[in-house]
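K.L.:
So the chains spell out like this:
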Amino acid sequence: MKLLEENGRMYGYEITQKVKQITQGELNITEGALYPALHKLEADGVLSVEVERVDNRLRKYYKLTEHGQKETVNRLAELEEFIRNMQTLVNPAPNPDLQF
Amino acid sequence: MKLTAEQVQFIDTYLKNSGVEYVDIRFEMTDHVATALEEEEEGDFMEHFKRYMIYHKRNLLSGNRRFKQLAVKRATAELCKTLYGFWVLPALLILVFGTHYFFADINLSDAACYLRILFFAAYFTGMAVSYNKGKYSVTSKLYGVCGLVLYYAGMIVAPERLIPNLWVVFTIYSVIILMGFALSITAIRLHKQYKTRYAA
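Sequence lines, in order, name chains A and B. Numbered per our numbering, the first sequence spans residues 7 to 106. Numbered per our numbering, the second sequence spans residues 8 to 207.
Hints listed in this document are in silico derivations from the structure and should not be mistaken for laboratory results. Virtual Cβ for every residue (Gly too), placed ideally from N, Cα, C. Possibly wrong hints are sitting among the right ones.
[Unchecked claim] Below, a sample of chain A positions facing chain B; criterion: calculated Cβ distance under 10 Å:
no., residue
1, Gly18
2, Gln27
3, Thr36
4, Ala39
5, Leu40
6, Glu48
7, Val55
8, Val57
9, Val60
10, Leu64
11, Arg65
12, Glu86
13, Phe88
14, Asn91
[Said to hold, decoys possible] Just some of the chain A residues that point at chain B, by a computed CB distance under 10 Å:
no., residue
15, Tyr19
16, Glu20
17, Gln23
18, Leu44
19, His45
Hey, can you work out the whole structure from these sequences and the hints?
P.N.:
See below:
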């Protein structure tokens, strides 16, 4: 959703390649995971689609709806909060009151 | 390397034969595979295609089941959207009183037979229109799941065998027929959406 927020509209293969590029090959989104997720977001009204003929085939582009843009902000905030909590759990700051 | 129309068609047919039956899902997968193959430098198409499928076929097809579940969910949502229409209650009342008016004086099992024919007419109209140009996931599930429930309620259970009251039987059949019409209206609406979207 963040990628779509930054890039406007993207198609499935483009998303997988972009993720691979950003994470320098560390994260590889498979087709089996990506498309059902995109379809679910589309059904939930988070994404809208545009179909265009490119070369000799049809291509489906995804973009965020107005609701999707709000949802992206909320979900990113939730994710940041989650990461912050995880970091606190993994690397807890020393509490001077509990030190001997 | 750029793929030719025949090579794209080959990918589409291969996916269809591998179980990706719905047009709306298959064309997206075809584009995915074709784009991946076009990233390759020069070489033999078949060789690249075979190599790609060895590594990715399982992943490509694993999403298929999830797509079907999503399609059922969307089909139900679309049917509910139709049933929220202002026409539903007046149509139901017309059906209940209409069936009672026309069929109250004839044998109940004969009346049930006519009502079933009416249901099938409502049911198959949308099916004939929506299956005209290939199978799309949501319309197929609409008929597959919701249609099966209606078929079971009207044909297998056969309310006239269980309930002697005419009004109750005619009301049940009216609801089933109305649902048949709602299915057809939803299927035709979806078909128009698909047609506009994939006419590119």
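K.L.:
State the violated hints by number, sorted upward, taking the hints as numbered earlier in the document.
P.N.:
Hint check: 2, 12, 13, 14 fail, others pass.
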